[in-house]
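Note that the protein sequences, when read in sequence, are chains A and B.
All letters in the first sequence, in the order written, are residues 21 to 521 by this note's numbering.
All letters in the second sequence, in the order written, are residues 22 to 347 by this note's numbering.
Derived from the structure by calculation, the hints contain no laboratory data.
Don't take each hint at face value.
In silico lysine-lysine, DSS-like type, Cα no more than 30 angstroms apart, as pairs [stated by the list, open to error]:
#	chain 1	residue 1	chain 2	residue 2
1	A	LYS474	B	LYS179
2	A	LYS188	A	LYS474
3	B	LYS200	A	LYS474
Below are the chains, spelled out letter by letter.
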Amino acid sequence: MDSFIQLLHGFETALSLGNILYCLIGVSVGMLVGVMPGLGPTTGTAILIPLTIGMEPVSAIIMLAGIYYGSMYGGTITSVMINTPGEAASVITCLDGHPLAKQGRAGVALGVAAIGSFIGGTVAIIGLAFIGPSLAEWALKFGPPEFFALMTFGLIMVIGLMGQSLIKGLLAAFIGLTLSLVGMDPVSGAVRFTMGVPELMSGFDLVTIAMGLFGLSEILLGMENLSNSEKPAKVKGLLPRREEWKPTMKSISRGTGIGFITGLIPGTNSVIPALLSYSVEKKLAKDPSRFGKGAIEGVAGPETANNSYSGAALIPLLTLGIPSSPTIAIILGAFIMHGLTPGPTMFQDNPDFVWGIIASMFIGNLILLFMNLPLAGVWAKVALIPSKLLYPIILIISVLGAYSVNNSLWNVGVMMFFGIFGYLLKKLDIPMAPIVLTFVLGKLMETSLLQSIKMFEGNLLLFFNRPISGILLVISLLILLASIYAEIKNKKSHFASDVEM
Amino acid sequence: MKKFTLGSILLTSLILLAACGGGGESSVAANASGSKFPEKSIEIIVPYAAGGGTDTLARSFADLAKDNIGEPVTVVNKAGGGGAIGMQNGLSAKADGYTVSMVTVELLTLPHSGLAQFTHKDFLPVALLNEDAAAITVKADAPWNTIEEFIEAAKKEKLKVGNSGTGAIWHLAAAAFEKETGTTLNHIPFEGAAPATTALLGGHIDAVSVSPAEVATLVESGDFKVLAVMAEERVESLPEVPTLKERGIDLSIGTWRGLAVPKDTPADVVEKLEESFGETVQSEEFKATLDKLKLGYRYENGEGFTTLLEEQDKLFGDLIPSLNLN
Numbered sequence: 021m022d023s024f025i026q027l028l029h030g031f032e033t034a035l036s037l038g039n040i041l042y043c044l045i046g047v048s049v050g051m052l053v054g055v056m057p058g059l060g061p062t063t064g065t066a067i068l069i070p071l072t073i074g075m076e077p078v079s080a081i082i083m084l085a086g087i088y089y090g091s092m093y094g095g096t097i098t099s100v101m102i103n104t105p106g107e108a109a110s111v112i113t114c115l116d117g118h119p120l121a122k123q124g125r126a127g128v129a130l131g132v133a134a135i136g137s138f139i140g141g142t143v144a145i146i147g148l149a150f151i152g153p154s155l156a157e158w159a160l161k162f163g164p165p166e167f168f169a170l171m172t173f174g175l176i177m178v179i180g181l182m183g184q185s186l187i188k189g190l191l192a193a194f195i196g197l198t199l200s201l202v203g204m205d206p207v208s209g210a211v212r213f214t215m216g217v218p219e220l221m222s223g224f225d226l227v228t229i230a231m232g233l234f235g236l237s238e239i240l241l242g243m244e245n246l247s248n249s250e251k252p253a254k255v256k257g258l259l260p261r262r263e264e265w266k267p268t269m270k271s272i273s274r275g276t277g278i279g280f281i282t283g284l285i286p287g288t289n290s291v292i293p294a295l296l297s298y299s300v301e302k303k304l305a306k307d308p309s310r311f312g313k314g315a316i317e318g319v320a321g322p323e324t325a326n327n328s329y330s331g332a333a334l335i336p337l338l339t340l341g342i343p344s345s346p347t348i349a350i351i352l353g354a355f356i357m358h359g360l361t362p363g364p365t366m367f368q369d370n371p372d373f374v375w376g377i378i379a380s381m382f383i384g385n386l387i388l389l390f391m392n393l394p395l396a397g398v399w400a401k402v403a404l405i406p407s408k409l410l411y412p413i414i415l416i417i418s419v420l421g422a423y424s425v426n427n428s429l430w431n432v433g434v435m436m437f438f439g440i441f442g443y444l445l446k447k448l449d450i451p452m453a454p455i456v457l458t459f460v461l462g463k464l465m466e467t468s469l470l471q472s473i474k475m476f477e478g479n480l481l482l483f484f485n486r487p488i489s490g491i492l493l494v495i496s497l498l499i500l501l502a503s504i505y506a507e508i509k510n511k512k513s514h515f516a517s518d519v520e521m
Numbered sequence: 022m023k024k025f026t027l028g029s030i031l032l033t034s035l036i037l038l039a040a041c042g043g044g045g046e047s048s049v050a051a052n053a054s055g056s057k058f059p060e061k062s063i064e065i066i067v068p069y070a071a072g073g074g075t076d077t078l079a080r081s082f083a084d085l086a087k088d089n090i091g092e093p094v095t096v097v098n099k100a101g102g103g104g105a106i107g108m109q110n111g112l113s114a115k116a117d118g119y120t121v122s123m124v125t126v127e128l129l130t131l132p133h134s135g136l137a138q139f140t141h142k143d144f145l146p147v148a149l150l151n152e153d154a155a156a157i158t159v160k161a162d163a164p165w166n167t168i169e170e171f172i173e174a175a176k177k178e179k180l181k182v183g184n185s186g187t188g189a190i191w192h193l194a195a196a197a198f199e200k201e202t203g204t205t206l207n208h209i210p211f212e213g214a215a216p217a218t219t220a221l222l223g224g225h226i227d228a229v230s231v232s233p234a235e236v237a238t239l240v241e242s243g244d245f246k247v248l249a250v251m252a253e254e255r256v257e258s259l260p261e262v263p264t265l266k267e268r269g270i271d272l273s274i275g276t277w278r279g280l281a282v283p284k285d286t287p288a289d290v291v292e293k294l295e296e297s298f299g300e301t302v303q304s305e306e307f308k309a310t311l312d313k314l315k316l317g318y319r320y321e322n323g324e325g326f327t328t329l330l331e332e333q334d335k336l337f338g339d340l341i342p343s344l345n346l347n
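Just need the whole structure built from these sequences, with the hints factored in.
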């Protein structure tokens with residue numbers, strides 16, 4: 021009850037005219053950097069921080085936090101409309117969001133994403149206000165070994181994302197894992213597969229690869245059909261069909277939970293909850309084959325999860341003073357710049373400040389819902405632009421986006437390479453999703469494995485000595501064994517058809 | 022067949038475009054008109070991503086410097102290669118003073134690790150802006166209360182010390198500490214100082230060797246205690262924490278950040294930059310900004326900065342090969 025009264029006091033702060041304005045500016049900028057591929061929330065907040073120096077601390081943080089969670093909404097739009105993720109968290113949304121747009125249901129994809137984002141975001145803030153502090157302590161138990169176990173679990177779930185053919189899926193997964201090896205070995209410092217190119221020392225950039233594989237390859241493929249002036253599908257409605265409501269709401273509630281829990285764990289990023297949510301939705305679906313061809317749940321779940329994640333990721337910051345992602349680290353910098361020390365004492369020392377920010381996040385999410393739901397129809401009309409006009413525009417946006425990743429042409433070249441590579445893969449029917457997902461997981465998994473090995477001084481059995489990592493690894497093993505068993509028992513023909521290819 | 026032709030034309034043009042992208046940034050010899058310098062905006066290249074400590078420092082500096090120099094000062098991030106890309110970029114820019122590089126301690130460590138094509142001798146130092154020492158930080162409830170107790174324990178068992186990445190400055194600091202004290206540590210690399218401190222908070226490692234600024238919030242909240250700093254003098258924000266030198270361990274190591282230009286830059290331009298930037302760095306506003314960012318303040322002019330570079334180059338030249346990285 022105490023928290024509730026505090027929260028009401030927070031609304032007093034957040035509802036001042038100035039703060040509402042800063043919240044509005046924040047979420048609008050967030051939407052914008054979310055929409056622009058290459059420009060993510062990290063860059064957005066970093067560039068705006070110097071502007072906040074002269075501002076009231078509450079207003080400054082309200083605005084920066086707005087950029088952070090606002091970008092989660094914006095990234096969806098480009099993923100759905102032009103198959104080019106606006107920022108990393110929306111990579112997964114391409115998988116089903118864009119097929120929906122092709123069927124003329126872009127409005128539904130955007131509408132569902134907006135509703136899911138709002139629910140996920142709001143529930144996470146409620147969690148932040150009422151149960152966050154007690155959970156944050158628990159999340160600290162995740163050290164490198166637990167991380168490795170979590171990534172292994174994630175990788176096992178990726179098996180579920182492999183398209184029709186297991187062999188092609190595995191091929192894609194190996195491509196992704198190999199790409200994740202490029203760069204400096206995080207533990208020994210050895211430089212691998214860089215061919216002497218210094219740009220490769222820190223590896224490939226996820227968004228650049230995704231823009232090439234998803235966006236550019238789509239254009240190349242589309243160019244083939246440019247002459248058949250095919251009428252684009254009409255945009256129909258913003259809301260799912262009646263029979264789709266129930267599964268959609270279920271995905272949204274699962275996405276909220278997955279996002280919230282992942283957000284508590286420091287060191288995760290917004291791609292992981294989206295990926296976990298997508299895998300869970302596919303596993304639980306009655307007809308998993310719909311996924312990748314425009315399943316509403318495949319948009320609703322991950323989009324909810326990344327918003328719920330972004331709210332929950334503020335819990336370790338506000339309660340323990342630890343930044344769980346690069347963007348949060350920048351917001352932590354802003355706290356420090358304004359003379360505030362996030363941590364357990366902040367709730368006691370500066371209650372007006374903390375609760376003002378929490379309250380502003382409710383307002384911000386509401387603003388975003390209004391910005392996205394009615395406007396979803398406007399955005400969706402992008403699909404009506406004839407390909408001859410749309411493709412050059414996408415190309416320009418992608419090139420600009422790739423350039424802005426690091427202000428260099430290197431990433432533009434990388435994106436084009438992966439665009440061509442993606443085009444060839446599409447011709448060969450090799451699924452894209454496992455490439456991107458194993459790329460994300462592979463990096464984190466390798467780092468945490470090597471860190472664990474160093475911590476254990478080589479004794480791998482110690483993984484099972486720690487409750488969280490032990491349990492996660494055993495579950496992963498069981499899922500793996502169960503799917504091998506199921507595969508052998510039921511689908512002998514499945515294997516046979518692969519081999520014949 | 023027509024479809025295929027169209028696709029392949031596009032493919033070819035894309036490949037050409039990508040190929041053109043590679044080599045566009047070669048340097049042209051300087052022909053600066055020093056007398057009227059500066060006549061247009063000055064660009065600072067930051068070799069790290071937007072939002073990090075170096076970037077924040079550069080942006081606050083640029084904000085203050087523009088008033089002194091009378092032209093806009095902009096910041097461009099060129100991250101990658103552990104800092105090598107940005108510094109190489111700054112080096113190959115036109116040596117006319119309009120492109121200034123933010124250089125960091127990696128200017129010395131990268132060449133010794135064989136990860137960069139340049140050395141500090143390719144740059145002319147203009148101004149040192151900041152210095153942050155390494156420190157040994159442990160959890161507040163750890164059994165060691167002094168650095169001596171910590172060293173004693175480290176001699177008996179292999180303590181796990183987190184750093185911000187293999188070969189990065191905090192790893193080198195911990196390794197130098199090991200050498201000076203005759204201990205053997207288990208170095209656990211993380212991707213940056215923040216994840217390392219988080220792991221310490223969760224009790225997964227025994228200590229971290231990052232700067233006091235990077236653990237400041239958790240020291241204030243009473244979760245961590247700093248046992249010693251590896252600086253010449255005690256750190257202002259932690260007046261009760263001893264330096265290693267006070268305890269008879271001759272080691273002072275840390276990171277620093279400064280501004281430099283390519284070595285062919287005309288002398289009058291360098292002089293103008295040194296004067297104007299020096300004024301900015303020594304201003305109260307800049308000191309106050311560093312204080313807010315919890316970054317350590319240290320100013321040196323071009324000459325002092327050169328001395329620092331030469332001294333530390335020797336330190337790292339001895340230290341890095343002895344670590345057997347790679």
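Do the hints match the structure? See the list:
1. LYS474/A x LYS179/B: holds (11 angstroms)
2. LYS188/A x LYS474/A: Cα-Cα ~35 angstroms, so violated.
3. LYS200/B x LYS474/A: Holds, because 20 angstroms separates the two Cα atoms, which is no more than 30 angstroms.
Of the numbered hints listed earlier, the single one contradicted by the structure is hint 2.
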